[in-house]
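Model the placement of chain G on the given structure of chain V, informed by the hints.
Which chain is which? The protein sequence lines are V and G, in order. Under our numbering, think of the first position of the first sequence as 1, with each following residue one higher. Under our numbering, think of the first position of the second sequence as 1001, with each following residue one higher.
These are calculated hints, taken from the structure and not from any lab test. From a predicted model like this one, the values you see are computed outputs, not experimental measurements. Any given hint could be a false lead.
As the list claims (entries may be wrong) - Listed next, with one range per pair, are the computed distances between beta-carbon atoms:
{"hint": "1", "chain 1": "V", "residue 1": "THR95", "chain 2": "G", "residue 2": "THR1020", "range": "22 to 28 Å"}
{"hint": "2", "chain 1": "G", "residue 1": "ASN1070", "chain 2": "V", "residue 2": "PRO10", "range": "41 to 47 Å"}
{"hint": "3", "chain 1": "V", "residue 1": "LEU46", "chain 2": "G", "residue 2": "THR1086", "range": "24 to 30 Å"}
{"hint": "4", "chain 1": "G", "residue 1": "ALA1082", "chain 2": "V", "residue 2": "ARG76", "range": "45 to 51 Å"}
{"hint": "5", "chain 1": "G", "residue 1": "LYS1009", "chain 2": "V", "residue 2": "ASP57", "range": "27 to 33 Å"}
{"hint": "6", "chain 1": "V", "residue 1": "TYR70", "chain 2": "G", "residue 2": "LYS1057", "range": "27 to 33 Å"}
{"hint": "7", "chain 1": "G", "residue 1": "THR1007", "chain 2": "V", "residue 2": "ASN65", "range": "37 to 43 Å"}
{"hint": "8", "chain 1": "G", "residue 1": "THR1086", "chain 2": "V", "residue 2": "LYS45", "range": "20 to 26 Å"}
{"hint": "9", "chain 1": "V", "residue 1": "SER28", "chain 2": "G", "residue 2": "THR1020", "range": "36 to 42 Å"}
{"hint": "10", "chain 1": "V", "residue 1": "ARG1", "chain 2": "G", "residue 2": "GLY1053", "range": "34 to 40 Å"}
{"hint": "11", "chain 1": "G", "residue 1": "ASN1062", "chain 2": "V", "residue 2": "ARG76", "range": "40 to 46 Å"}
{"hint": "12", "chain 1": "G", "residue 1": "THR1005", "chain 2": "V", "residue 2": "ALA67", "range": "39 to 45 Å"}
{"hint": "13", "chain 1": "V", "residue 1": "GLY58", "chain 2": "G", "residue 2": "GLY1053", "range": "37 to 43 Å"}
{"hint": "14", "chain 1": "G", "residue 1": "PRO1105", "chain 2": "V", "residue 2": "ASP57", "range": "19 to 25 Å"}
Stated by the list, open to error - The list that follows gives simulated cross-link-like pairs (lysine to any residue, SDA-like), each with its CA atoms no further than 20 Å apart:
{"hint": "15", "chain 1": "V", "residue 1": "LYS45", "chain 2": "G", "residue 2": "MET1027"}
{"hint": "16", "chain 1": "V", "residue 1": "LYS97", "chain 2": "G", "residue 2": "LYS1057"}
{"hint": "17", "chain 1": "G", "residue 1": "LYS1009", "chain 2": "G", "residue 2": "GLU1079"}
{"hint": "18", "chain 1": "V", "residue 1": "LYS42", "chain 2": "G", "residue 2": "GLN1022"}
{"hint": "19", "chain 1": "G", "residue 1": "LYS1097", "chain 2": "V", "residue 2": "GLY93"}
{"hint": "20", "chain 1": "V", "residue 1": "LYS42", "chain 2": "G", "residue 2": "PRO1008"}
{"hint": "21", "chain 1": "V", "residue 1": "LYS45", "chain 2": "V", "residue 2": "ASN55"}
{"hint": "22", "chain 1": "G", "residue 1": "LYS1097", "chain 2": "V", "residue 2": "SER49"}
{"hint": "23", "chain 1": "V", "residue 1": "LYS42", "chain 2": "G", "residue 2": "MET1041"}
{"hint": "24", "chain 1": "V", "residue 1": "LYS107", "chain 2": "G", "residue 2": "GLY1040"}
{"hint": "25", "chain 1": "V", "residue 1": "LYS107", "chain 2": "V", "residue 2": "THR18"}
{"hint": "26", "chain 1": "G", "residue 1": "LYS1014", "chain 2": "G", "residue 2": "LEU1110"}
{"hint": "27", "chain 1": "G", "residue 1": "LYS1057", "chain 2": "V", "residue 2": "GLY93"}
{"hint": "28", "chain 1": "V", "residue 1": "LYS2", "chain 2": "G", "residue 2": "GLY1040"}
{"hint": "29", "chain 1": "G", "residue 1": "LYS1097", "chain 2": "V", "residue 2": "LEU47"}
{"hint": "30", "chain 1": "V", "residue 1": "LYS2", "chain 2": "G", "residue 2": "GLU1059"}
{"hint": "31", "chain 1": "V", "residue 1": "LYS97", "chain 2": "G", "residue 2": "VAL1060"}
{"hint": "32", "chain 1": "V", "residue 1": "LYS45", "chain 2": "G", "residue 2": "GLY1003"}
{"hint": "33", "chain 1": "G", "residue 1": "LYS1097", "chain 2": "V", "residue 2": "VAL92"}
Beta carbons are placed, not taken as given, at the ideal position from N, Cα and C, and that holds for glycine.
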Amino acid sequence: RKEVEQDPGPFNVPEGATVAFNCTYSNSASQSFFWYRQDCRKEPKLLMSVYSSGNEDGRFTAQLNRASQYISLLIRDSKLSDSATYLCVVNVGRTYKYIFGTGTRLKVLA
Amino acid sequence: NAGVTQTPKFQVLKTGQSMTLQCAQDMNHNSMYWYRQDPGMGLRLIYYSASEGTTDKGEVPNGYNVSRLNKREFSLRLESAAPSQTSVYFCASSRDKIETQYFGPGTRLLVL
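Same shape as in the complex, but just chain V (with noise of 0.2 Å):
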């Protein structure tokens, strides 16, 4: 079993709709947890970080759910602008390891 696991899609979906990736992880021991947004052939950015509460940006929302070990982004009211992929990113009991998922690819189609 992968360490982090995304559904790869493509989530095509149309301007204006809401969607929602999941990404499981297998190591209880993680401790902090990312998303980024990688644009094709650029570097990922990050997009949130994901706190136990969840956190709210705008028309995205993270969430994380320890007892089921996933996270979810949530995002509303989709652009075009939003195509991109989306990578899940955990880190491993406070050390300097970073697992990365490889990664949603979003398509928001006008």
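Showing chain G alone in chain V's frame:
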């Protein structure tokens, strides 16, 4: 404030050639990392430097060496390039462990 910079952006090598990838950050971060990204795989850690003066192996260190030149700079060296090292290489930095990582624009390397 440039963040994390990397040079070169692109490189083509022949098998057996050597090269050094350069990385610098201006965020006064303690920790720096080198990753490679291959199709269908998540980013994999090659080496990291927890702080100036220290380096440690990551998940895929074979065929690579690193130098933490000072707090700002962390270089990755391929002593004898192999086709299996064809990849996109990203440098990243963070204030400390478990903190957010910030990435450079990447180096696309092709080994023939």
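Report task. Against the structure, test the hints numbered earlier, and report the numbers of the ones violated in rising order. Result -> none
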